Amino acid sequence: MLRHLFKLIWNKKGSHSLLIIEIWASFMVLFGVLSLIVYNVSNYVQPIGFEYERVWNLQLSNNQDTVGVSDKMHRIVQQIKSNKEVESLSRMSSNSPFSANQMMNGVTYKKVSISPEFFYTDENFSKTLGLPVVAGKWFTESDRVSKFTPIVINSKLKEVLFANENPLGKVIKVDDKKSFKVVGLVDKFKSKGEFASDSPALFEMLSKDDTWSTNVLIKTKAGVDANFEAKLVKEVAATLPGWGIEVSYLTEQRKNRHNLTLVPVTIFLIVSGFLLTNVALGLFGILNLNIAKRKNEIGLRRAMGATESGVTTQFLGEIWVLAALSVLIGLLFAIQFPIIHVFDMKANIYITAIVIAIVLIFIIVTLCAWWPSRQASRIHPAIALHEE
Amino acid sequence: MLINYIKIAWKVLLRHPFYTFITLFGISLTLTVLMVLTSFLDHLFGSHYPENKRFRTLYIAMVLQTDSAKTSMSSGPASFRFLEKYAKSLKTPENVAVVSNFSFSNTYVNGKRIKLNTKYTDVAFWEVADFEFLEGKPYNEQNIKNGDHVAVITDDLRDQYFEPGAQAVGKFIDIENINYRVIGVVKGSPATRLYTYGDVYFPYTAPKSNYENKSIRGSYIAMVLAKTIDDVPAIQAEFDNAISRIPKDEIRDGGHFTVLTVKALKYFDHFLDTFARDDSQKVFFYSIGALILVMIMGLPAINLVNVNVSRILERASEIGVRKAFGAPAKALLWQFIIENIFITFIGGLFALILSFVIISMINSSGWIAYADLTINFTVFLVSIFICLIFGFLSGVLPAFRMSKLKIVDALKS
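Respectively, the protein sequence lines represent chains A and B.
Quick note: the first sequence uses the working numbering, first residue 1, plus one each step.
Quick note: the second sequence uses the working numbering, first residue 1, plus one each step.
Keep in mind the hints are simulated off the structure, nothing from the lab.
Only a predicted model underlies this, so the values are computations on that prediction, with no experimental measurement involved.
Keep in mind that a hint or two might mislead.
[To be verified] In silico BS3-like pairs for lysine-lysine, Cα to Cα no more than 25 Å straight-line:
{"hint": "1", "chain 1": "A", "residue 1": "Lys234", "chain 2": "B", "residue 2": "Lys11"}
{"hint": "2", "chain 1": "A", "residue 1": "Lys84", "chain 2": "A", "residue 2": "Lys110"}
{"hint": "3", "chain 1": "B", "residue 1": "Lys112", "chain 2": "A", "residue 2": "Lys221"}
{"hint": "4", "chain 1": "B", "residue 1": "Lys112", "chain 2": "A", "residue 2": "Lys231"}
{"hint": "5", "chain 1": "B", "residue 1": "Lys11", "chain 2": "A", "residue 2": "Lys293"}
{"hint": "6", "chain 1": "B", "residue 1": "Lys112", "chain 2": "A", "residue 2": "Lys255"}
{"hint": "7", "chain 1": "B", "residue 1": "Lys404", "chain 2": "A", "residue 2": "Lys12"}
{"hint": "8", "chain 1": "A", "residue 1": "Lys234", "chain 2": "B", "residue 2": "Lys115"}
{"hint": "9", "chain 1": "A", "residue 1": "Lys295", "chain 2": "B", "residue 2": "Lys406"}
With the hints as extra help, turn the sequences into a complete structure.
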């Protein structure tokens, strides 16, 4: 049966080659769009790991004021904390959750090197962001012993650096004057939002005289509104004249962050959706015409005793073989992506995209071929042969 | 003759409405996608309000510092002082504006927060960018010298902070506990024009502008306006020359970077420069773009050719009759090409209407504030040209095959 179908297709290879190119191109488009979607969906289903509701991000910039910045930061933190609307607050570096900033540094432990994202923050961070500590504890001021700076790592970083060892208490040497000591482990911290991948992260305790980390995350109590915000800004502006002050809500920043992913994906989806509708309509038309041309062949088969379903299967089978050929050519291209790790994505994302693309291609061609095939099978042998 | 061909084409179109629909759907849809896309690119990169002179403007937006081995690098906008020294001093340009990169702030009115994009600019900014002043005027050198707390705001901010449509000049706006006197109201610009978009504009000597910053890197960019577009290479040469003469000590700037790369580039080049630093990356960038374009245009084109090839056999008998009566292959070829161009133009017309609807939807949706996407003359010409290419692509191949058919074969069916 299959050999026969191949023979039928081979005999008309000229007119079929255009069809093959068309299905191949559709497959490639589907593969591209699906890779993007599978990548984002697989990230999205992973929990973000922390709570952002009711958290405000106060971004301060000292501008030309360079005198006693760290003291001023301490003072302003105490001052904000004294407001009854504030549940908890924490200082952190400029790469606050959902921001566009990134800070990567290299760390090495037993000859394994990696560049995790560094978050410089204080002891209230896990409480302010509701980031659960799964092993050990979050660092406090008492953990800072001589040249050991306490750090907390996430499980992704632990997997790379320590594999199956228990990371707690391990010391990572930075230079002669400074070493990190792991005091806690958190599970996930996807600071760039749900669509980001879970990447290695390292939380380092802010040094007392730090002047760079001027972000303050403020967890407010329920029901606090913009009136308090205006009051807060006024207060900070009075204490720190000449400083830049910007307040944003993490919920807003998360939304902006999501749009960076959602807008291009939606545009791609709409465009490729229209492309595929176009292709499907075209395929339907072509198959309809092709089958209409083969009336006498169908009449002959029916006269020789072929059943209706037999004829339908033949035409469906032909288009399936065609689709399989096109997909095979497409696979030659698509399989390169997981092999040479294009765009640094995991192989299984590409493989999933390939599988879904194949399934979709077969669904589309079957849908397009169904109606013409049914029509063909209904041709009465007497009429078909009479026309001949 | 032409009228006859078009008459035949019209009859053929009406004979099978479904196939006509498939063909027109493919053509108009592809063209719509292309036209909305070109319109959007034109919106991003073309010369529009308030950067009407963008085509003869150069942008100095990024300073790249590297060490001699090129292993580590740091990049970002320049400081005000740096641009004042090396961009403002250029002789060839008509004018040079220095403006801060975007920064943010908030203001509060009646318990409601308004997010602000703030910009610090010099006086030349108002000459390089063609803002439309609804009332008042921009700040002048005197305001800058005095460090006056004055601001130019957009109509949108006026409507939110004061009353909609109210007079704002002379009133005060409280931003981070400092009262600024409003001296002008401008029609706002779309957020996609990064260097002119803002809600409130301050003279660069206003508080928190960091114009005193002594290092090379800062938060300012320069817009260099050439007298004519032909002056552009001369300005670039003059600027490169000025940069190459910066002493080593100044480049070092207290850090370990010894190589300084700053370029005055046209808007699109400077945009590309932020993604692709060297030529191989640019080639990669262009080939990705070309690939997407080929996919968008190629798929419907193959589809069209396919439908046309299948359909043209329907008309074998007509061709046979014409050939039997002595029509040369060339005449037949022309008939089919004209037919295809005709249908493409009908598709083009639909596409024009469709894109018009989509573009006005984008403009009114508020998806981009102050969006001013238009189907302009260039976009229309491009799409007419694309229309023709499509006509030939899907017309020539099937028609060529058809006109070679033997009379006997054609008449048989």
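Going through the hints against the structure:
1. A:Lys234 <-> B:Lys11: violated, 76 Å
2. A:Lys84 <-> A:Lys110: Measuring from Cα to Cα gives roughly 48 Å; hence the hint is violated.
3. B:Lys112 <-> A:Lys221: holds, 18 Å
4. B:Lys112 <-> A:Lys231: holds, 12 Å
5. B:Lys11 <-> A:Lys293: OK: lysine 11 of chain B and lysine 293 of chain A at ~22 Å, within 25 Å.
6. B:Lys112 <-> A:Lys255: holds, 19 Å
7. B:Lys404 <-> A:Lys12: holds, 18 Å
8. A:Lys234 <-> B:Lys115: Holds, because 16 Å separates the two Cα atoms, which is no more than 25 Å.
9. A:Lys295 <-> B:Lys406: Since the Cα atoms of lysine 295 of chain A and lysine 406 of chain B sit roughly 23 Å apart, the hinted pair holds (cutoff 25 Å).
Hints 1, 2, counting from the list given before, are not met by this structure.
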